[in-house]
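Enquirer: Protein chains in written order, with my numbering: chain A, 517 to 687; chain B, 517 to 687; chain C, 517 to 687; chain D, 517 to 687; chain E, 517 to 687; chain F, 517 to 687; chain G, 517 to 687; chain H, 517 to 687; chain I, 517 to 687; chain J, 517 to 687.
The set of hints was computed from the structure by calculation and includes no laboratory data. Hints should not be assumed to be uniformly reliable.
In silico PhoX-like links for lysine-lysine, alpha-carbon gap of 20 Å or less [stated by the list, open to error]:
1) K617/I to K551/A
2) K518/C to K551/B
3) K525/H to K617/I
4) K551/J to K518/G
5) K518/G to K525/J
10 protein chains.
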Amino acid sequence: MKLVEWIAKAVTDDPRALRWFEEAGSDERIGRAFKELLAGYEIEPSTILKTTRMLESDEPPGRVEVKDIVFHSICAHHFLPFFGEVDLCYEPGDRILGLGKLPRLVDAFARRFQIQEDLVRDVAREMMESGHARGVRVRSRARHLCMCSRGPAKESAITHAEFSLGTLAAD
Amino acid sequence: MKLVEWIAKAVTDDPRALRWFEEAGSDERIGRAFKELLAGYEIEPSTILKTTRMLESDEPPGRVEVKDIVFHSICAHHFLPFFGEVDLCYEPGDRILGLGKLPRLVDAFARRFQIQEDLVRDVAREMMESGHARGVRVRSRARHLCMCSRGPAKESAITHAEFSLGTLAAD
Amino acid sequence: MKLVEWIAKAVTDDPRALRWFEEAGSDERIGRAFKELLAGYEIEPSTILKTTRMLESDEPPGRVEVKDIVFHSICAHHFLPFFGEVDLCYEPGDRILGLGKLPRLVDAFARRFQIQEDLVRDVAREMMESGHARGVRVRSRARHLCMCSRGPAKESAITHAEFSLGTLAAD
Amino acid sequence: MKLVEWIAKAVTDDPRALRWFEEAGSDERIGRAFKELLAGYEIEPSTILKTTRMLESDEPPGRVEVKDIVFHSICAHHFLPFFGEVDLCYEPGDRILGLGKLPRLVDAFARRFQIQEDLVRDVAREMMESGHARGVRVRSRARHLCMCSRGPAKESAITHAEFSLGTLAAD
Amino acid sequence: MKLVEWIAKAVTDDPRALRWFEEAGSDERIGRAFKELLAGYEIEPSTILKTTRMLESDEPPGRVEVKDIVFHSICAHHFLPFFGEVDLCYEPGDRILGLGKLPRLVDAFARRFQIQEDLVRDVAREMMESGHARGVRVRSRARHLCMCSRGPAKESAITHAEFSLGTLAAD
Amino acid sequence: MKLVEWIAKAVTDDPRALRWFEEAGSDERIGRAFKELLAGYEIEPSTILKTTRMLESDEPPGRVEVKDIVFHSICAHHFLPFFGEVDLCYEPGDRILGLGKLPRLVDAFARRFQIQEDLVRDVAREMMESGHARGVRVRSRARHLCMCSRGPAKESAITHAEFSLGTLAAD
Amino acid sequence: MKLVEWIAKAVTDDPRALRWFEEAGSDERIGRAFKELLAGYEIEPSTILKTTRMLESDEPPGRVEVKDIVFHSICAHHFLPFFGEVDLCYEPGDRILGLGKLPRLVDAFARRFQIQEDLVRDVAREMMESGHARGVRVRSRARHLCMCSRGPAKESAITHAEFSLGTLAAD
Amino acid sequence: MKLVEWIAKAVTDDPRALRWFEEAGSDERIGRAFKELLAGYEIEPSTILKTTRMLESDEPPGRVEVKDIVFHSICAHHFLPFFGEVDLCYEPGDRILGLGKLPRLVDAFARRFQIQEDLVRDVAREMMESGHARGVRVRSRARHLCMCSRGPAKESAITHAEFSLGTLAAD
Amino acid sequence: MKLVEWIAKAVTDDPRALRWFEEAGSDERIGRAFKELLAGYEIEPSTILKTTRMLESDEPPGRVEVKDIVFHSICAHHFLPFFGEVDLCYEPGDRILGLGKLPRLVDAFARRFQIQEDLVRDVAREMMESGHARGVRVRSRARHLCMCSRGPAKESAITHAEFSLGTLAAD
Amino acid sequence: MKLVEWIAKAVTDDPRALRWFEEAGSDERIGRAFKELLAGYEIEPSTILKTTRMLESDEPPGRVEVKDIVFHSICAHHFLPFFGEVDLCYEPGDRILGLGKLPRLVDAFARRFQIQEDLVRDVAREMMESGHARGVRVRSRARHLCMCSRGPAKESAITHAEFSLGTLAAD
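Excised from the complex, chain A in its bound form:
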């Protein structure tokens, strides 16, 4: 089966629309694009985080944050992208984590069919579990094309979802 069949059945049978997807190679090209956008299913999040060094026994933990991690995801309800930024803050438990791995963790959960509220929850939990954090706070800002592209009052709306655990839960 080809995408053009689904479009014709579920969306529109206007020939000016359908002709684009009747070309040879069309499904392959679109499939490649979506495979990249959904590459998170190939990654096991619990293996991403690496330890930079262990804290000394009485070392205050400090606080580490990576801000403005760009992500792209696909809304599980409308098959349309949503995208934005995540700010990922943690208070180290017994170890400092490799800074460069934090955006990878976000990416692993974002490149799936998602809803934004689950994305921040999933990242926060993984930071506590495989990252051994004392506390974590995950904030996200996004634009949803399923929302922005439909009807008045929604074009500029920015959605925020936030989830925190451990010592940062009370912030």
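Place chains B, C, D, E, F, G, H, I and J on chain A using the hints.
Expert: Chains B, C, D, E, F, G, H, I and J only, in chain A's frame:
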């Protein structure tokens, strides 16, 4: 009866003003514009919100906000538009609500004759009731043409009205 | 006749809408607001401009501009406000005009039922005629509530209309 | 046939991905979203533009621009949205066009499967033909999700496409 | 007596200065300008505020603020203008006040000979008394020409005066 | 004679207004403020500019500009301040002028009763004459309290006046 | 003795450097500049503050702040300028102080050889003592040429020093 | 051995890459650049801080901060630069420290192979020990080329690391 | 051979520096990072550009630009990164090129050892040759770590290099 | 001789001023600071520029600019710093110059006693001569402490000096 009669009686009888509204089709065109601006009366707000998923039994609720929801409304006192943005924040009760429905809820209350203080109250109450939220905070910023267009000291004034309930009442 | 009759006939008969305009004093209050918004009909534009001083015989004229003159007007087609700013630039002819009169001239044409393209043309012509300018350029930026409040793709649209005459026509 | 079949065949067979689209009602919900995004096929662009008034015989035409017209479209090659703003400028021919119709014209061409270079060309041609313009310049800025969501160097890239005809072709 | 006499006695007897004020009509023109700037003495502030609606018996009051209310006043010590913005926030007592009246209240106190610290106090007290507010906070920002135009270190200085009463006193 | 007499006669006889100016020392304090604002009459502009060095015989002149020179002046028509910035650009003739003297030249003409169009002309002419410039361009931006503090449409208006001579006349 | 002798001994004996200071009048010109920069030694700070009015017996004090008071000072360690802004906030004790005197107080302490930490302390103490304040907070931001002009990592550094006393000590 | 050998073995043997490093003088030039970037190893941090003056016995300490201290460092894991700004705030203990030394302290730790979390910890500890501070807070913002230059979702990410001790630990 | 040997010989033998690179796996990790940064050598630029569609025979070409294409490169002289953005503008020849390919073309040339002036030249030539453009203009802005991290006066410097060919050469 | 003697003679004999410079080590510390600020005398500008590569025989030159090169200099007339940024643009003659050398060239001329108009001229000439440029344009923006710290109207003034030669002379 036609709008031009009301204008002539209540506002001005200058023929340069009246000629615009004496044209055929004028009342129909204006009526269509106002019908769109007042379409909220056709919508039952309690049917808008949808559940995305139920929270797990011991799941912390996180926090969700849709910011910069543009709205347009008509001032119930002066028959002139006011417009601006709403920031709608809630702490989920037993369920995550469909993100795209929150701007629709604002729209349903805004597209009526309103006063800004009632708009935020009406939205907040609906979020608690049909949205089963633990807490809600509704902030709005607006420019009122009944205010901005009349006399000095008012041109740039921005009005803010805020209303919160439940766990977010104390924020 | 009262405005509520027109609303009931042309827009909506929802009693929640109509009750606002059935109150005593409602038409008077609304009439006052529109009278202010349409006060330009009371003003004869050709009497506004005043001479500050005549140019010396071989004095280069320089250039004068008043920027960001806020205006409010009412769209002659939809009975809804549009508003924005005018930048009014002129090259003096034989006289320097009183600076404070330029915003009044804009106001006299804006406080009428208007379309934006006519507003800049009317101001430019008056500057040439009663202001004896060598050249004039009138630029305007506006938001139209008849456009911004209706349907997607229009919320943030800014309309520009420009009209120039004389030595500034070629700018 | 259902969308889930295409996803399983062309993109991924991960059950965590597929379960979202196996729910009853899923295809209908997605179909509705795409129908809105592709509603332009239902509109005949040559019927959109309306005349506000004819120019007087020797009236200089002035210049009119609507800036920051938000649009959303779907990339005909990757079945992914692109969106941004159009600035639409024209020099009137024999008539002033209704300002509010210009964003509708953009919308009619954007809500189709498109490529950005064709979108500006199509709008410009229609302005010349059914709008009787002397000249037209259409500028667009967009973000393409098929580009932004894939690989480094592309996240923040903004694409510009511009097309002009008539007296504005040389600008 | 004429202003030019006072200038000659108290400020400067340079004929290039005095000639401006020896023209016929000069005092009348200046008098008109100052009358507008001091029009607040004609207004009884306690009559300005209007009730939009009474609160329901157990309705939480919400919070209302009008920000960036531009004002112009004249410094009672130096006979020179000061101007800026007021942010006026209140928590309703038993009633919602007409939003458009709040800038008028500021204007009534500003268009007098004033000092900035008294302006915010006067507005706050009136909101408590004739506005029946639970709490009020009045913040102002201003530039004083008596300060900005004299000597180094003062050009860019912005003065802030704030006064709050009732439930907002502790903010 | 005292200022209070003029106020009582020309502006208002409200005792709340007059009491401020009946205090002993009031006229002296106000006189001092205006003397500073009008100190330009004490300065002979042709003596201000100093030569830093003469140009070598075939040295290209380069271009020098001092931007954002703050000035305060008093409107000769309304006895109210106007203030803003001057950008003063010149192309040296046979000499480079002391940079620090250029703001002093502006100050010498601004601290008088002025109109903005004359201020830029006076500065430009002096630069050509005692500064031996090849060309000069003087741009000014200002806010006029006689304009900003009176009536709608004027609060935010910025007035621009520009005057250029010599090689910079064509810019 | 002349400055050029000190430069030759302590800094450089390059003749291209020394020639500037061997000109007649050089020391006088430089001396005048430094005298202005150090004029604070001529001022007795305790005489600057003036009372605008006494507080009524039970009047809440409100809060007053002058922000962005530009200052220039000379670093007592390196004989090089530092400059920036002071924000001076106080809570009145028994009296409201003349607003225009607060920048003068800053100026009196800044126009000396100073270190930034002492400048804020000196201003705060004077506000408590001769200003009879309940509390005072003095914040300063500065760029130090002794720091900014030397070596990497310092060019853009902004130094902040803050000192508070009385009721504002805990802010 | 030469760098080109390592590149050929560990990175790429493309001759277009290698030719750059086969030139004579290449290793010396690169070595000089890295020596500057790693000059911190030559500096003993405990000797940097100088005392400006001791506090008086009962003097409140005030608070001092140097913001936006630019630093450049090299990531110890990837041999690639990271760079950004440090904000260094301290509450004096018994002495005021020389302001200009604070950026030098940051520089001494930054010009080493580092990880960002250690950089802020090292600076904070040195401020407590050789600076005798009551409290210190070190915040840093950085871009890591090892992160920004590799793969999507990371280009714009800003990493923050913060460490505080003593009286500022609880901020 | 290992990188640590080169560091010890060419940069520093401080053991605190060397220990980082003596760890097992260090060279592999660094090699992987540089391989990504130099991946452009694996790509044949002439195969990147794809045709979206051919122009109609008399179709005006319009103009297409992709702005703010982020790139990362390595300075061929100092073995240190430089990075920034490219704006790539072209006027189509006989064909519209796939928009998403333009950033890939930049990437293919940037991920090499480069100098900024060659990068823009290489991209421009490829656009003319395999892209069949009528004209092309490539602008780049960059920060060079070899420059920014060394000595004063360079920290904030932004380098621009531009290269244009064909019909856009004269812009 | 010591600096304190000059201060006492030429500026002030206030003992609070003089005590700072009577301390042992004071002159040495100040001398070190000025030596760094005047280090340009030690550098021969004609040796700074290096060739990156020669242009191919028919290669279009492109254009190269380094913007925002921060500089610090000392005003030759007032012994007070001035500082700002230089934008240095050139069109290559027969060679591309090492990018990192351009800020060094600016630094070599800035770290002298200077006037801003000479600084841009000196840099431009050196670019033509030892840099073999076809054309060069040097723009500078600065704040002069001799100007900014003295009297009203000057605090925020920004001075611009520009000098261009060769093919860029006409820009």
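Enquirer: With reference to the structure, classify each hint as holding or not holding.
Expert: A quick look at each hint next to the structure:
Distance check on the hinted pair: K617/I and K551/A sit about 18 Å apart at the alpha-carbon level, within 20 Å; holds. For the suggested pair K518/C and K551/B, the alpha carbons sit about 19 Å apart, so the restraint of at most 20 Å is met. Using a Cα cut-off of 20 Å, the hinted pair K525/H and K617/I is violated, with the two alpha carbons roughly 32 Å apart. With a CA separation close to 19 Å, the supplied pair K551/J and K518/G stays within the 20 Å bound.
The straight-line distance between the Cα atoms of K518/G and K525/J is roughly 9 Å, inside the 20 Å bound, and the hint therefore holds.
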